[in-house]
Each structure stands twice: as structure tokens, then as C-alpha cells.
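K.L.:
Order-wise, the sequence lines are chains A and B.
Last residue of the first sequence: 314 in my numbering, with the numbers rising by one and none dropped.
Last residue of the second sequence: 318 in my numbering, with the numbers rising by one and none dropped.
What the hints contain is simulated information worked out from the structure, not anything from laboratory work.
Errors might be hidden in some of the hints.
Capping the alpha-carbon separation at 16 angstroms, the derived lysine to aspartate or glutamate pairs in EDC-like fashion look like this [stated by the list, open to error]:
#1 B:K53 to B:E26
#2 A:K133 to B:D54
#3 B:K7 to A:E7
#4 B:K201 to B:E234
#5 A:K133 to B:E91
#6 A:K121 to B:D227
#7 A:K46 to A:D70
#8 A:K133 to B:E234
#9 A:K133 to A:D145
#10 B:K201 to B:D129
#11 B:K201 to A:D70
#12 B:K27 to B:D54
#13 B:K7 to B:E26
#14 A:K121 to B:D54
#15 B:K53 to A:E123
Cβ-Cβ distance ranges computed for the label pairs, FRET-style [claimed, not checked]:
#16 B:P73 to A:K46: 37 to 45 angstroms
#17 A:T239 to B:D129: 20 to 28 angstroms
#18 A:K46 to B:S58: 18 to 26 angstroms
#19 B:S41 to A:A68: 47 to 55 angstroms
#20 A:F66 to B:L233: 54 to 62 angstroms
The beta carbon of each residue, even a glycine, is placed where N, CA and C say it ideally should be.
Residue-level listing of the chains:
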Amino acid sequence: MTSAEQVSRLLALVPYLQRHTDADVDTTAATFGVTGKQLLADLKVLWYCGLPGGLPGDLIEIDFDAIDAGRIRLSNADYLARPMRFSPDEALSLVVALRAVGELVGDDQGDAVASALAKLEAAAGVSALPKVAVAGGEAEVRDVLTAAIDAAETVEFDYTDAGLQPSHPEVSPVRLLVRDGIGYLQAWNAERGDWRTYRLDRIVAIQRTGRRAAVVAEPPVFDPGWFERSASAREITLVLEPGSRWLAEYIPVQAVTELADGVELDLLVADPAWLRALILRLGPALRELRPAEAADSARAAAAEALAAYRAG
Amino acid sequence: MTQQKSERIMNLAICLLMSRRYLEKARIREIVEGYHDLSDAAFERTFERDKDELRSLGVPVETGSNDVFFPDEVGYRIRREDFELPAIEFTAAETAALGLAATVWESATQAGQTTSALAKLRAAGVDPDPSRLAALAPAIGAREPAFDTVWAAYAERAPISFSYRGETRQVEPWAMTSRRGAWYLLGYDRGRQEARMFKLARIDGAASRIGKPGSYQVSDTMDVDAAWTRLEPAAPDEVGIVALRTGRAHDLRRRAVPDETPVPSGFEAFALSYSRAGDFVAEVCAHGPDVIVLAPAALRQAVIEHLTAVAEGVHR
């Protein structure tokens with residue numbers, strides 16, 4: 003803990019404690035993101051601070067008996083009634099966080115996020131603020147989902163999974179979340195008797211059903227690593243043309259090896275349909291795949307499509 | 003030591019904030035607790051450091067003179083209107099969004115900065131309330147190794163140098179953006195003498211500072227928002243006619259318009275707009291036999307060649 007960090011916090015703590023009389027020690031520590039012990043150390047510093055002159059009446063007063071009972075009473079600091087302006091880093095961090103919120107709410111709350119941002123930007127007096135874009139699908143989809151969660155209703159929608167397989171699930175929506183720039187719905191799928199995660203940008207034709215949502219426990223902690231660690235995952239090696247190196251930035255790869263005339267990617271694949279779609283998408287950019295039989299279903303799909311072209 | 007230093011800097015800040023006039027150094031030495039007992043040299047050193055530290059926190063310590071006849075007699079003060087957070091009020095819906103913001107950052111440094119910013123709002127009487135939007139869990143990560151150094155340089159306007167795809171670049175950071183989980187930097191590239199965009203994941207290792215904070219101006223002629231739109235796909239300007247197998251390819255249907263072209267049974271015809279033919283071919287082919295391109299002929303031919311490469315090529 004540097005004294006710079008401490009002073010910065012103290013300059014906010016003094017107005018906070020004057021506004022929140024009898025503040026709870028634990029709540030205050032959590033508000034400032036410090037331990038109770040650090041908060042106590044902060045208060046001990048403030049005990050020696052005050053107006054120049056150093057006479058007893060000039061110093062900030064803190065009731066240390068109340069602290070023993072978990073309460074903070076600070077007085078005699080009228081001159082620090084308001085917090086300091088945001089530092090540039092604070093302003094930028096908060097603006098990015100709020101923009102990320104804006105990417106996940108629907109149209110209903112989007113206006114509130116936009117107006118809050120405008121007020122913050124004016125107060126902070128900063129320009130060239132960072133932008134945030136999340137693949138979170140349509141705002142209307144998020145509106146239906148948040149309304150259904152509030153009303154404890156199920157929803158049904160058309161879904162296309164990562165392997166491009168279609169389905170029409172009815173689920174009890176529980177939470178919208180973001181991982182690595184992609185928005186997801188976490189929901190209980192009663193038909194499958196399990197938790198399911200759906201990408202928001204792959205949900206279409208969503209409707210509230212009017213049926214009660216299932217009452218279920220908290221969903222498991224969302225872990226994007228499930229993809230790699232799935233028990234049925236198998237190791238696949240792709241050899242790509244040099245121009246397709248960008249792929250390594252968009253799919254979860256285990257290793258990237260530069261070759262003289264291309265690039266080799268090692269990945270763990272849990273979903274055969276996902277791999278089939280990837281191979282079909284890559285086309286001539288994919289020079290080699292190991293093991294070779296992992297490409298069988300993509301080859302069959304390509305042959306079937308070509309037959310349709312010949313017939314047409 | 004830290005405790006005494008914090009006390010001294012706090013007392014200095016309060017003293018400068020309470021003074022309407024510029025306070026001369028000698029007077030500060032007299033009245034601020036912690037300076038009396040220092041030797042002349044130690045006082046000079048300590049006072050300079052404390053003053054710099056306050057400024058580094060963003061405290062606007064002003065230098066000036068009260069005396070028009072003796073302007074060399076410099077003093078210091080903090081103007082309250084420059085120091086204090088301006089009055090700011092939020093609606094209930096806005097405080098709900100602010101409450102949610104507290105949990106967004108996955109990287110510790112920026113999460114801490116967000117917490118401090120929200121604590122300042124609470125100290126100003128705002129009450130960010132996350133409970134109203136409990137079903138939402140937005141998140142923003144920053145796993146790129148260069149992120150922390152680039153972000154800090156951007157916040158403080160300090161020029162940096164980094165290795166980008168094996169080449170050394172010297173950049174004045176102007177703006178940053180997070181798109182689909184990847185961070186981008188827009189800045190003035192000193193070597194190339196023009197604005198350039200960088201993807202942080204492609205910076206090798208960390209970035210290092212090559213100048214002081216605040217040592218350049220962000221261009222006021224550059225349209226930053228327009229620069230970011232270059233990251234987005236171009237607006238679609240071509241139209242293809244496709245047959246989609248019934249009940250499949252919902253992802254394409256979302257942006258498709260029904261079309262009258264006759265198709266085999268089990269399929270439905272749609273018009274789909276696209277911008278880059280190569281990307282569109284790949285997207286169509288990913289669906290295998292569920293999507294057939296009917297027109298234009300060149301697009302249809304490109305899809306056939308792409309599929310032929312898959313059917314015949316991937317078998318070694």
C-alpha cells in the first residue's frame with residue numbers, strides 16, 4: 003500500500019463518512035475495496051489530520067469507541083465535504099465498465115446507461131473515451147429475456163449451435179453474461195434436465211410462453227473452459243495457408259506452430275459438428291488435417307452439397 | 003513511515019485547499035505538521051516530492067504569486083472548484099446500471115480503479131445499486147500481455163514503444179476500444195507519421211514508456227469513432243439468392259428476405275445481402291448441404307470450387 007493510494011482513498015473516505023453517519027465498518031471497507039484492518043489504519047491516519055495549527059479543535063474527530071462496536075463516526079471535517087474529481091484512470095475504467103453494461107441490457111435499460119454515461123463524461127471532463135462492443139445479439143432478444151427472468155416465465159426460441167445444428171428449446175432463463183466479448187444466456191432446460199448456455203447472437207424468434215419458469219438452484223459458475231476440458235474432446239491439428247493465420251485469434255487453440263509456408267494449429271475439439279462446420283468454412287485454406295478421418299463428415303457434407311448443385 | 007507520510011500529505015492538501023491566497027513555501031513549512039523538524043535541504047526535498055505526489059493523484063496544485071510587484075515570490079494553493087467532483091445526480095435506473103459496473107472488470111487494476119470511482123460517487127451522495135439488475139453479469143477482460151502498460155500510457159498520455167509483429171513501433175496512444183473480447187489501440191505512429199490502429203494481442207510482450215505523462219496532445223481533427231468503424235464489417239452491397247433447407251440455418255434466416263425463385267421441395271428461397279464475397283462463400287459453405295446458392299452465377303461457382311476443395315482436398 004503506497005501512501006499515494008492511501009491519500010487518494012482518504013480524500014474520498016472523509017466526505018463518504020460525513021455523508022454516511024454511523025457507517026458500518028465492513029460495508030465501508032467493501033465500498034473502498036480494502037480490508038477492515040486497512041480501513042482502521044486509514045482512520046488512524048485521519049486522526050492526525052486537520053486544519054493547519056494542530057490544536058485539538060483543528061483535527062478531524064473520530065469516535066474510536068464506536069469503531070469497537072463496528073460503527074464509524076467522523077466529524078469536524080466540513081472542509082472536505084465532497085470527493086475529489088475522478089483520476090483519468092478511474093474515469094476510463096468506470097466508463098468502460100458502464101459501456102459493457104450497456105452492451106448487455108436491452109433497449110429498456112439502454113437509455114439509462116446512455117444518460118448515466120453522458121453525466122459521467124461531463125463530470126470527468128475526459129475525451130476520446132474507450133468503446134466496448136460485445137457480440138450480444140439483438141437488443142429485443144435481451145429485452146424479452148430480462149422481462150421473462152423478472153416475471154419468472156419460460157421462453158422458447160430458434161437456436162443454431164456452434165456446429166450449426168438447429169433446435170427449438172423452451173427454457174427457464176436465469177442470467178445473461180459475457181465472456182471474452184460474447185454474450186450468453188444461462189438457462190435451465192427442463193426437457194434435458196440440465197443447465198444450458200446459449201449464445202445470445204444465435205437466438206432468433208424468441209417468445210415468452212406465459213408458463214412458469216422452473217424453480218431451480220443457482221446455475222453452475224459459467225466456465226468458458228468447458229469446451230477444452232470436456233471428457234470427449236479430441237486433439238486435432240490443422241495446417242493452414244499463411245493467409246489464414248488470423249484463425250488462431252478466434253478459436254481456442256492449444257498451440258500455434260509457424261511453418262516455412264504456413265501455420266499449424268493444435269486444438270481440442272469436443273463437438274464434431276463444430277469441426278465439420280469449421281472445415282467446410284475453411285475450404286482451400288485448410289491444407290492438412292490430422293487425424294485425417296476427422297474430416298470425413300465434412301467431406302461427406304461437401305459431396306452432398308455438390309450433388310445438389312449438379313442436380314440443380 | 004507510510005502512515006506519517008500520508009498524514010503529512012493529507013495535511014498539506016487540506017492546508018492548500020483552505021487557503022484562498024497562494025501560500026508561500028516558508029509559511030507551509032511553519033504550519034503543516036511534519037515539516038517543522040526537517041533540515042532546510044530535507045524540507046525542500048520532501049515538499050517537492052509531496053507536491054508531485056498530490057499532482058500525480060490528480061490534485062490540482064496551482065503555483066502562482068499574490069504579489070504583482072514581486073511575482074518571484076511563488077506560493078501554492080488548490081482551487082476548490084478544480085478539486086471537487088462537480089455536482090452529479092442520477093436517476094434510479096442510472097444508479098442500477100452504475101451498481102452493475104462495479105463487477106464488470108476481470109482485470110484487478112481496472113476493477114480497483116472502478117471501485118475507487120464508485121466510492122467517490124458514493125461519497126458524493128450517489129448510491130449505485132446492483133440489486134435491480136441481478137440477472138445481468140456483463141464482463142470485460144484484458145488478457146493481452148501488453149494491456150496494463152498500454153492502458154496506463156493511454157490514461158496518462160505517455161508515448162510508448164512496443165514490438166508489433168516483430169517490428170518496433172513508437173506510438174502516442176489516442177484511444178482504445180474493446181471489440182468482441184479483443185482490445186485495440188488507436189494512436190499516432192511516430193515512425194510512420196500518421197494514425198495507426200493496433201490489435202493488442204499482436205503486440206509482443208509489454209510496451210515501454212518513451213516519454214513523460216501528458217507529453218503530447220490527442221489529435222483534435224481525428225474522428226476517433228470513424229476510425230473504429232473500420233473494425234466493423236463493411237455495409238452489405240451485394241445480394242445473393244440462396245435456398246435454405248427448411249428448419250435449418252436460422253442464423254442466416256435472421257437477415258434474409260423471402261424470395262420467389264423456385265426451389266426443390268424441402269427448401270425455401272431467400273435473398274441475402276453481403277459485403278465481402280470471400281467471407282460469404284465461407285459462411286454459406288459452413289452449412290454444407292443445408293444452403294445452396296442459386297444466383298449470381300459467379301458466387302455459385304465460387305461456392306462449388308470451395309466445396310470441391312473440401313470434398314477432395316482434405317484427406318492427406
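K.L.:
Take the hints in turn and mark each one as holding or not.
P.N.:
Hint by hint, here is what the structure shows:
no.: 1; hint: B:K53 to B:E26; result: holds (13 angstroms)
no.: 2; hint: A:K133 to B:D54; result: violated (31 angstroms)
no.: 3; hint: B:K7 to A:E7; result: holds (12 angstroms)
no.: 4; hint: B:K201 to B:E234; result: holds (14 angstroms)
no.: 5; hint: A:K133 to B:E91; result: violated (23 angstroms)
no.: 6; hint: A:K121 to B:D227; result: violated (19 angstroms)
no.: 7; hint: A:K46 to A:D70; result: holds (14 angstroms)
no.: 8; hint: A:K133 to B:E234; result: holds (13 angstroms)
no.: 9; hint: A:K133 to A:D145; result: violated (22 angstroms)
no.: 10; hint: B:K201 to B:D129; result: violated (37 angstroms)
no.: 11; hint: B:K201 to A:D70; result: violated (52 angstroms)
no.: 12; hint: B:K27 to B:D54; result: holds (14 angstroms)
no.: 13; hint: B:K7 to B:E26; result: violated (21 angstroms)
no.: 14; hint: A:K121 to B:D54; result: violated (30 angstroms)
no.: 15; hint: B:K53 to A:E123; result: violated (27 angstroms)
no.: 16; hint: B:P73 to A:K46: 37 to 45 angstroms; result: holds (41 angstroms)
no.: 17; hint: A:T239 to B:D129: 20 to 28 angstroms; result: violated (55 angstroms)
no.: 18; hint: A:K46 to B:S58: 18 to 26 angstroms; result: holds (24 angstroms)
no.: 19; hint: B:S41 to A:A68: 47 to 55 angstroms; result: violated (41 angstroms)
no.: 20; hint: A:F66 to B:L233: 54 to 62 angstroms; result: holds (55 angstroms)
Going down the numbered hints, you'll see the structure goes against 2, 5, 6, 9, 10, 11, 13, 14, 15, 17, 19, while the others check out.
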